[in-house]
Structures are given as C-alpha cells and as structure tokens.
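> Chain by chain, the residues:
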Amino acid sequence: MSKTPSSSPSQPPSGGAVGRPSREWIGWSLALVLPLLLYPLMLWIGTPIPGAFFTAVLGAMVVLWVFSLVDEFIPPLFATVAILFVGLAPPSIALAGFASSSLLTLVGVFALSAVINATGLGQRLMFWLLLRLPDRPFWHQTVLLVGGCLMSPIMPSGNSRLAIMLPMFRNMADGCRLAPGGRAITGLMAASFAGSMLFSPMMSTSKSSNIAAIALLPQQVQTEFLGIFWLVAAGVAALGLTVLHIVALRLVFGNGRQDPLPRQDLEEQLARRGPMGPDEWVAAACFAFFLVGATTVSWHHVQPAWLAGFVVVGLLVTGVLGKPGFRGQIDWPMIFFLLGLDSVTRVMKHVGLDAELARSMGDLYGFIDGRFPMFILASLLTTLVIRSVLPLTAGMIVSTIVLLPVAAAEGIHPWLCVFLTALFSDIWFFRYQSSVYLQAVSSGAIARIDEPAFLRYNHLMNLARVLVAYASIPWWHWLGLL
Amino acid sequence: MTSGRYKLALGFLLLVLVVLLGVFNLRKPRILVLHSLGAETPWVRGVDRGLRRVLETNRNPVTVEWHHLGLDDKRPGQGMMRALAAARRTIQSLDPHLVIAIDDEANAFVARDFSRAGGRRILYVSIDRDPLAYGYHGDRRISGIAERLPLVPVMELVRWVRPDQSLRIQALGGTSETTRGGMVQVRDFNWAPHRFEEALHVRDFEELQAAVQRVETGILLVLDCPPLPRRAGGWASAREVVEEIQRNSNALPIGLSLDFVELGGDIAFVAPPEANGSLAMTMALEWVQDPGPAAAPPPARTMSHFDLALRPSRLRIRGVEIPQIYVEAARTSGMLFP
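Taken in sequence, the protein lines are chains L and Y. Note that the first sequence covers residues 0 to 481 in numbering that gives the first Met the number 0. Note that the second sequence covers residues 0 to 337 in numbering that gives the first Met the number 0.
Just so you know, the hints here were simulated from the structure itself, not pulled from any lab data. Keep in mind that the hints are not guaranteed to be accurate.
To be verified - One-sided and incomplete, this derived list gives chain Y residues near chain L with beta-carbon spacing under 10 Å:
id	residue
1	Ser2
2	Leu12
3	Leu16
4	Leu19
5	Leu20
6	Asn24
7	Leu25
8	Lys27
9	Thr62
10	His66
11	Ser92
12	Ala145
Claimed, not checked - Cβ pair distances, simulated, as ranges:
id	chain 1	residue 1	chain 2	residue 2	range
13	L	Trp43	Y	Trp159	26 to 36 Å
14	Y	Ala38	L	Asp134	34 to 44 Å
15	L	Trp43	Y	Thr62	48 to 58 Å
16	L	Gly86	Y	Trp159	26 to 36 Å
17	L	Leu466	Y	Arg52	28 to 38 Å
18	Y	Leu14	L	Gly327	19 to 29 Å
19	L	Trp305	Y	Asn189	49 to 59 Å
Yeah, the Cβ is synthetic: ideal placement off N, Cα and C, and Gly gets one too.
Pulled out of the complex, with its shape left as it was, chain L reads as follows:
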C-alpha cells in the first residue's frame, strides 16, 4: 500500500499489539463485511434505504481509518464517490464541501505556510527574536512559544510548525551546550512542542480541522467566528493555557542555569542568510495582509476566505509559489480530506441521519441536562474515546459531528462544541496519538531529552486543557455565548 509520507492526513498507523499483516487482514475483512452487515441491520431497525446505505458507507470509512489501511484522506473520497455512484445525493450536495469558501481558505493558508517554510522566513523571524531578547532559559523558551503562536494563524498544521521549530531547537541546544537528557534541553523541547500545539484550537485557521469544523456550523455563526472573534472567545483559554504552560515548565524542569547563547554563531547564521530577499518580502507581506485582513473583517467586510484567495493569487502572480510549488507544496491530500469530510457531513444531513444521530445520542448524553459543565465533561470523554482510535484531524471532526447535535439539543452554542473538541483533541497519552510527537521522535530530538519528564509535562498540559475549558465559563457567559 503506497502512502504519502509525513503530513497529517497520511499519518502513521495507530499502534497496538496486533502486527501489521494480521491487522491489515482483519481491517480489510471488516471493511468488506461490516457494510454488508450494517445495511440489512439498519433496514431491519426501520432506517430508510438512503440512511441504511449511508451508514454502511460510513462503517467502511471508519474501518479504513481505524485500521489505517489507506492514507487518511482516502476514506472520505471513497465515501463521496460511492454516494455519487449510487445517486444517494446530487453532486450539488455530495461535492458541496468543494464548492464552499473553505476551499479557498485551505488553499490560501497551506500555500502561505509552504512559502514561509520554503523561504526560511519563519526561522529568520525566530533568530531575530532570539538575538533581541534577554539571554536566559525563560526567554529562549518564550521565543519558541511565541514563534509558534505567531505562525499559527497561517500554518494550520502542528507538524509544519514543529518543522520550523526543530532546527531552532537544535541550534539552541547545541549552542548552549545543553546536556543530553537534562532538564534544560527537555524544557526547551517542551517549549518547541508548545509553540507548535498550544495555539492550535485558538484560531479558526490554526488547525486544519478547525477550518473544516466551522463549515459544519450555521452560516451566521461561521460569519461571526471566521475572523478575530474566535480568538476573542478563546481568549481566556489561550491565556490560561499559556500561563499553565509556563507553570508546568517551571514545575517539571525548574529554572536551571545554562551556558549563554552563542550569539556570534547566531548572528553569523543570520548574516549568511543575507538581507531579506524578494520572496521573503512577498511572503511577509502576504502573512501581514492575511493576518491584518482576518482581524479587521468588521472594517472592510471581506470574508477571510476571499483574503486567503488573494494570498494564493499574490503568491502565484509574483512567482513566489510557482507551478511546481503549487502542485507539490500545498497539502492537497489534507484539503481533499477536509472538504471530503465536509461533503460527507452534508450528505448525512441530506439523508436525515443527523436527526437520527441526535435522537440516539439524546439518550446517551441525557446526563448533560442543559448543564454546560456536564457538556464539557461529555465533550472531553467523547473526544478522548474517538481520539484513542482516530488520528487528530479525523478525531476532532468526528467528535464535532457526534457532539454538534447534542449541543443543539441541549441549547449549547455550536461554536463552544467545536472549540471544546479542538481543545480536547490535542490531548494525548500515547505516542501514536500525536503525529507532532512522532515527528519529533523521528527527527531524533526526543532521543536527546528526558522523555519521561517530557511526558509528565504533557500530562500536566492535558489537565491544563480541561482546566481552561472550565475557567472560560464566566468569559463565555460575559460574551453571551452561554
């Protein structure tokens, strides 16, 4: 089975005790048998033919994901084609995700992300910050955190952000001669990881699944949250998580001393890059254009998706992103994955299964009884269970699909549901659950640190995510979301 490397819609297979050949056998057998069982079963319990067929397709899709039989983006594509093949929904619905504004948003942010990566603009920014801030461990960690956060609005992938962080991490660890396996180097790695992940749920474009999930919300909610208001509503969580990250760093890794940064080396590295080239200027201008544009929607009244469209046009017209780059550097599998899932969700609504799901979920989630703290608990449990078998992006979207009807039935604002799944889907306990961590492992960075201490830090941050969700309740009340 050929699989594309690295990027998140083609994540490594989930772990487990079962070896790969037998897992594949079990998986493919289930993918064949489960739909054949589900279809008559659904008919038998009274589901109409469209609903039964859709459930069978959905069953196959989930099996393909759970057993990682194919790249992550293939199952939604398979489902879409199967739906069109049998005429379960017209193309205007089955392909609606591809005709939505999310397409331009995704292409725009992925193109910008690719260009910032390719031009080295991200690393230049971090070198620059490092040389201007005080030469102390706290500030070194802060540079990595702030750098990651700054890239979050236009880099909707933790993997891409970590790819920029890791060379910085290596430079700083080597330059400061940090002892392998020591607390200082582990703290630095934790800061790199936090820079990649902490702001993922905090903006609509900082996580690819956020862009897809927001398309599941009512139009007026999308309009409201596509700009800066997402960050405003997530403000307490963002601030709380940052503070708790700093506290966790201090608790787990202390405030150790270390050698000063090799400023001369860094300055030489920066000098070797020379002044900013035209490509970097264009990338920086596009970055600023998108960031400022997305935060001032209420002034210019242009949707962020159209701004992202202009970013792509700008990069293409100036040649900063050439035809080969457009073909090769944009994460097309991820875009097909997200838009395919969006389409599948629309078909689910078309065949009336969303209402069915809401009814059946109503019994399971009856304990919420309109109480928002209980909904947070329900979101946490649901997301953790789903994330134990599905990778991050699929896990978050499936959690959102399951929880949105519950939120609607309980009178809970749908954005809160999306935000909570975005926040909790970043929780992980085992290596296989985090493609960003696996990326750090494969880069060799984890071999240089005290892994148990890093995992302790990660568990504290898992807890922090739950705490900030509860701490945000008064803020959401004040904003009128509750």
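Knowing the structure of chain L, use the given hints to seat chain Y on it.
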C-alpha cells in the same frame, strides 16, 4: 528589471489592486436580514425564498447577510439575552447600511438598540402592531411593510359556512410581541354581525388546556401555536398544542399562522411569506441604490394578500363544507393537506 524587483513590483501592483477592490467593497451597500425566528421555521423559509428570488435577479453589487434571533427556540439555554448579544455582534461587525427587520421581536430590538445609530436605514417587515408603536414615525431612514392579518377572508369564510348566524369570535395565542400585536388587530376589526368576545393569551400548556375548555361555540382564531412549557417540567410541542386545540375546542378553530394546518389544524389564512420577502427585498434594493442621507425612502406598504392552508377531509368531519375554489387556492399555494 531584476527578477527580485519585478516580483516586488508585481506584489505592489497587486496590493494596489486589493486596495481598490477593498474601497469598492466598502462602498457597496450592505444589507442585514434580521429574523425573529429560527432559520428552519416554515414562515422564515418562505420569507427567505422571496428575498432570495429577488436577489437572484439583482445585478447590482450588494452584500446581504442573514441573522436569525431564533426566539422560537425553547430549548434550555436559548435565552433572549444570548440571541440579542449575537445579533448585536453581527450588526456591529457588518455595520449594515440597511436592516430588514422581520417580525415584531426583531423590530422591537432594532428600534430599541439601533434605529438612531449611524444613519442606518430600517425596513420593517411583517409587524402586526402599528409602526408608531416602535417609534417608527417621521423618519426618512425608516420604511417597511406592515402586516394586516387576513381577517376579511376569515369573515367571508364565516359568512359562507354559518350564513345568517351571529357567532362568538374568540382569539387564542401565546405571549410574544407578534401575537400581542395581532391580537390588537383582531380586537379592533369590525366583526359585525358577529361579536368579538375574548382574547386569550396563554403562557403554558395547562393555561392552554383551560382556555380551550372555556371556549364556547363559534369561531376560535388561533394566532400562533408555539411550543409551551408544562408546569410539571418539559415542553409541549407545537404539534401537541394544535392537537389540543383541534380535539377539545367547541368552536371552529381557524389558524392565522403558517404552520397551523401542517401541524394538524383544519384551515388557516396566513400572510404570504414569499410575497413579503420579495416585496421587502425589492424595496431594500431600490432604497440602497441612493446612499445619500436625503434619499427618499420607498413608501411604506401594507401586505393585504394572503395564502390559504387547508385540510378539507377534516373540515368535512366537522360538518364544514367549503367552496371548491378554496381547495384549489390551497393546492396552488402548496398547502393542501390530506
């Protein structure tokens, strides 16, 4: 020119282009459609169909956004405060040149919070109370479509089914702004030779049951049929409300809301939502073409058309025979139920 300078020049040109487009965009009229109810309500869907039909034929650049207050949503947590907070954010963010406020609740909100702000124009639609009740008077920034409940056709029907009789007219509804406004129209209508006896506003399902029991023979006008809370907890759905009225009313129930027959009622006369929507968008598009403060508003209108929804088989069981033309009218409106 070097490749680098060429790229920067192109980038600059693009920036100029974006700025020009941005300026064009800023000057483009922005319209907000503000509904009192949720997007899935039959009435709202009908109004939206009318609005969109006119928009499809419009070729002038205009931004139109929709916001639904969803005040008909009786689930826990769907409070008025939350709905109004979201609407405020939308209005502040979109900063519309014109707000099409549909139904009484949306108009009460707009009139209270936004009518005097920023030279914004307001087009009211489907208000059952006098526009003066919202402070809509003598202002060039305000125009709209008032709704007259189709009480004349109700009278004609009554004259047909109970000729030569003087009947008691009673009216039943919830406690919303719309219902209260409609009740004023019902009370003020000249019902002679019949007589209007009582306006019944119910707050919960038990009050509805008691009110329906109290209704005497004659005509019972049902202004709306919202879900109602039960005293023991939970909610009676709109369908249960209609069933209660249909089952236990001694009077002939005649609905004045769009979903009355769909939910199980026999007959209803309703203001046509699509026609309201079409007229509203036509007026709005004409008005925003002249952005100047001196632009004359389109003259205020009153919607006097009506649609008919019918369940003839059930009417026959009640011993009510109606002319075939009514059946055909309901069929044409797509509101003929078996």
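> For each hint, tell me whether it holds in the structure or not.
Going down the list of hints, with the structure as the test:
| no. | hint | verdict |
| --- | --- | --- |
| 1 | Ser2 | holds (7 Å) |
| 2 | Leu12 | holds (9 Å) |
| 3 | Leu16 | holds (9 Å) |
| 4 | Leu19 | violated (12 Å) |
| 5 | Leu20 | holds (8 Å) |
| 6 | Asn24 | holds (6 Å) |
| 7 | Leu25 | holds (6 Å) |
| 8 | Lys27 | holds (8 Å) |
| 9 | Thr62 | holds (6 Å) |
| 10 | His66 | holds (5 Å) |
| 11 | Ser92 | holds (4 Å) |
| 12 | Ala145 | violated (26 Å) |
| 13 | L:Trp43 <-> Y:Trp159: 26 to 36 Å | violated (51 Å) |
| 14 | Y:Ala38 <-> L:Asp134: 34 to 44 Å | violated (57 Å) |
| 15 | L:Trp43 <-> Y:Thr62: 48 to 58 Å | holds (50 Å) |
| 16 | L:Gly86 <-> Y:Trp159: 26 to 36 Å | violated (48 Å) |
| 17 | L:Leu466 <-> Y:Arg52: 28 to 38 Å | violated (51 Å) |
| 18 | Y:Leu14 <-> L:Gly327: 19 to 29 Å | holds (27 Å) |
| 19 | L:Trp305 <-> Y:Asn189: 49 to 59 Å | holds (55 Å) |
Hints 4, 12, 13, 14, 16, 17 from the list above are not met by this structure, while the remaining hints are.
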